[in-house]
Amino acid sequence: MKVNQLVLTFSSVAENVGIARMLVASVGAQLDLPLNDIEELKVTVSEAVSNAIIHGYRGESGRLVLLELEINKETLKITVSDEGCGIPDVEQAMQPAFSTDPERMGLGFVFMQSFMDELEVDSTVNQGTTVTMVKYLDRSTASPSH
Amino acid sequence: MDAVELYSEQPMKGGFFRMEKKIERQTLILRLDGDLDMKTAGTLRQAIDHEIERRGIRIVVLNMEKVKFIDSSGLGVILGRYKKLLSLGGKVKISNVPPHIYKIMELSGLPRIIRFFSDETAAQADNEEGRGA
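Heads up: the protein sequence lines correspond to chains A and B, in order.
Convert by adding 576 to the 1-based position in the first sequence; the result is the number in my numbering.
Under my numbering, the second sequence has 62 at position 67, and the numbering climbs by one with no breaks.
Derived by calculation from the structure, the hints in this document are not laboratory data.
Glycine residues also receive a C-beta, built at the ideal position from the N, C-alpha and C atoms.
Certain hints may be false.
Covered stretches of chain B, going by a simulated chain A footprint (3 or more residues, C-beta under 8 Å) [what the hints assert, rightly or not]:
1) 30 to 37
2) 66 to 75
3) 99 to 112
Sample of chain B residues at the chain A side, in silico, Cβ under 10 Å [said to hold, decoys possible]:
4) 11
5) 95
6) 96
With the rest of the complex left out, here is chain B (with noise of 0.2 Å):
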């Protein structure tokens, strides 16, 4: 586990965040833990960029898992990653998703345009060519 803290803090400040990372082959796998917002989605957001111009990246999939808030500015960096993905014949894929997050997610809409799986073994498994569901 190739496992970097790219930003950390306490959580009791407001707005903690950090990552794990995990690349195999052309796949990205970022498990994001604590809060998703206007500070710290340009993060997530450098973090998927760098990695899909200096590696090749074409396939993201973020466990939200301990994900602990998100609001648009999440959603946005999430939806322009899947945009971006999506020019380059790639896909974002989204797992483990917390019941409070998924009912933001789902008024959003990204469900109808993402990909989401139950972990990270059932996206990865996921072969299915083209835009997601």
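If we strip away everything but chain A, and leave its shape as in the complex, we get (with noise of 0.2 Å):
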């Protein structure tokens, strides 16, 4: 059951990500998350923003970027999309320490993995990528924060 829902599109410039990340917050504060959770959301949201506008745009600045944000009963799913350039080997790309970018420490994926329960990846060469991923809500009886 679908409890709510929010969906915002955005231009893939940088100042954009601080939005991204503080309206995942916000949803993590609203659902009365751990402090330590909401962080790793930020950090999340801020990988999958940031690889849409740096590799899947290439740092083209007039692309639109969408986050959706759907909280159900026992899960929050977080889905980022681009229309970009797509990701030729997505298992490479998910690699700890791949980057096309020796400035770039490849760890964005690993984040996402790290911090969240699910992660796809669905990628189309020039049609761009879908990320999304899911955390599991339900960590009453959950094991210790990780």
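Build the complex: two chains, separate frames, hints provided.
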């Protein structure tokens, strides 16, 4: 059952990464998530949106990034989509320390994988990339915070 | 204190970031304040590279006490300055890291190659030659 849904479309400019983070932080606070989880959600969204702008659109500013937050009873689903260049080899891109830029650490997907319970990357070259991530909300009896 | 506000905007806009810098001989101390992400990482990179090139800075101390957020863009710039300074015989030191920021840095593996200190004084007092940690 979908409890709440937020959709934000924004230009592929660096200024909007902070806005995307603030949106997910607000939703996390509304869900009464622990501060640590909210911090992790902020990093997750920051990485996914930065990837869309830096890699998907190769820094081109006039394109659009879509951020969808879907709150269900037991999950928070975050989807970040672009219509950029796509990832030729998703498996390789998700390897730790894989980066196309020597100044970057190749940690974007590592953070997303570490902080979320599910991660799926759907990418088609020249059509775009959709990153779908799920966080389980019912953690009252779950394992201690990681 | 040679305090320079290189970049600043209202926190509610997201991406607030500013720095104070202090230079002592070949050491640059940067007190960072705000979010270190893809928007602001370039500002930090330029500030450090500028001092390396213009003043022959070889040791950079990053005081992270007021850093509210960091992601791989911010970590990448720190790693990039570490690599650049290492090739010049210099080093990067990090001090005053808040626990939630340290968690992200630890996951990145950065504390394995860069030395962390409790405060600026400890970072400056450390005269160990060569690479950190």
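Here is how each hint holds up against the structure:
1. 30 to 37: It holds: at least three residues are needed, and the stretch 30 to 37 of chain B offers 4 whose Cβ sits within less than 8 Å of chain A.
2. 66 to 75: holds (count 8)
3. 99 to 112: holds (count 3)
4. 11: holds (8 Å)
5. 95: holds (5 Å)
6. 96: At about 9 Å, which falls below the 10 Å cut-off, the nearest Cβ of chain A leaves the hint on residue 96/B intact, so it holds.
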